[in-house]
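Going line by line, the protein sequences match chains S and L.
Read in order, the letters of the first sequence are residues 1 to 193 in the numbering used here.
Read in order, the letters of the second sequence are residues 194 to 400 in the numbering used here.
FYI, nobody ran anything at the bench for these hints, they're computed from the structure.
Hints are supplied without guarantee of correctness; some may be wrong.
Said to hold, decoys possible - Calculated cross-link-like contacts (lysine to aspartate or glutamate; reagent style EDC-like; alpha-carbon spacing at most 20 Å):
| # | chain 1 | residue 1 | chain 2 | residue 2 |
| --- | --- | --- | --- | --- |
| 1 | L | K342 | S | D33 |
| 2 | L | K254 | S | E144 |
| 3 | L | K256 | S | D33 |
| 4 | L | K254 | S | D33 |
| 5 | S | K44 | L | D290 |
| 6 | S | K40 | L | D290 |
| 7 | L | K254 | L | D379 |
| 8 | L | K256 | S | D148 |
| 9 | L | K254 | S | D148 |
| 10 | L | K254 | S | E146 |
| 11 | S | K122 | S | E111 |
| 12 | L | K256 | S | E144 |
| 13 | L | K256 | S | E146 |
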Amino acid sequence: MKGLARCLAPVLLALALTACVSPPAPKYQPAIDNTNLLIKQSAKLGVGQFSAAAGVSNHSLAVRASELTGGGSDGTFSTYLHDAILTELQTSGRYDSSSPLQISGVLTRNELSSGIGTGTAKVGAEFALTRNNAVCFKKTLLAEHEWDSSFIGAVAIPAAFGNYPTTVQKLLGQLFADPDFVAAVRASNSSPR
Amino acid sequence: MGISCWLSRSLRFVVALAVCTGVTGCMTVKSYVDPALPVISNTQLPKVQQPQPTTVLFEFKTKGNNNARATSAMSGRVVAAVAQSGMFGQLSTTVSDPNGALLSITINNVADTSGATAKGVGTGLTLGLAGSLVTDNYICTATYTVAGKSYETTVHHALLSTIGNHSAPQGLAPMAPRDAMNQIVDQLVWHALAQLDSESAFRVGSL
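Pulled out of the complex, with its shape left as it was, chain S reads as follows:
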């Protein structure tokens, strides 16, 4: 019996260790729906500073025995959000670093879970739009996302990691479709510089 246990131990160890990984969040990809929303905007925007609120996980998110790391250029999730909005604006031809309109944000919520049956993610941020340094829009938005998860870690963990960018896409989609944001951009565009 002891011999069998000794033989099985390395096998189980080898199988278990396959689940322990800490990759960065997948490179953000623009969502077609978001591009279509931004194309309708008449003004171009710059991207200001993004940070994380106190107590919000900004460097890593634990998923079972693994963790997803920030993925932004400085390894944080707030910079990931900055890079994501920059990608969206560039793809839709709506980015201008010297625009009087600048969007900035604070990550207010950042959660990722791979439950058995259903995986969930919640990403929230307070976005601020400024025109010549005067705030013309400020709102906190929250994106919640769910997907089919699995009991098997080798399936559930990559699925959770892969669905994080999707949650960020949803958050940015909320922002770009927000009537107050659209109105603020439009009003700023019609005002003299």
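Assemble the complex: chain S is given as a structure, and chain L must be docked to it using the hints.
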């Protein structure tokens, strides 16, 4: 503990590890492209009189959810397939003219999960002796927007994969998974473009 006992234990440990890694070889995956969709080449595509400069947007989805990793991995192949069609002018992946032509392509991977877990567990527990056949369905939706009008079409395709000891689907030759996926992407894009052309989508700019 004598040296012979220590060697015996070490040998058992090494054998267990070797078995653990060795059995993965029995779980070979072979890919096959579903023959239901006729294979066309880019030279068989309709000729467009005045190819328009177009922005190409691509998104890969898994069960309806955007899949950033797969989008990143496949966008080059999708844009290349669009370019090889010869039906467009200059292609871009970022919008330079908000009023210009826009081609949006979405490929949604909808796996046939009926009994997949049970089949997978069976294959795994028997180390591949009880093989399984998995079907991945792909639904490509292409939307072409130009001059305020939108045209949309849908194409279906499938990737068949055998895992472990399972016979090949009748009449199909196995392919490397990447080659099979590339063929599926090319065929989805070219069929979608041919269908959009049949709706006169690409004649708007040349009228």
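Of the hints stated earlier, which fail here?
none
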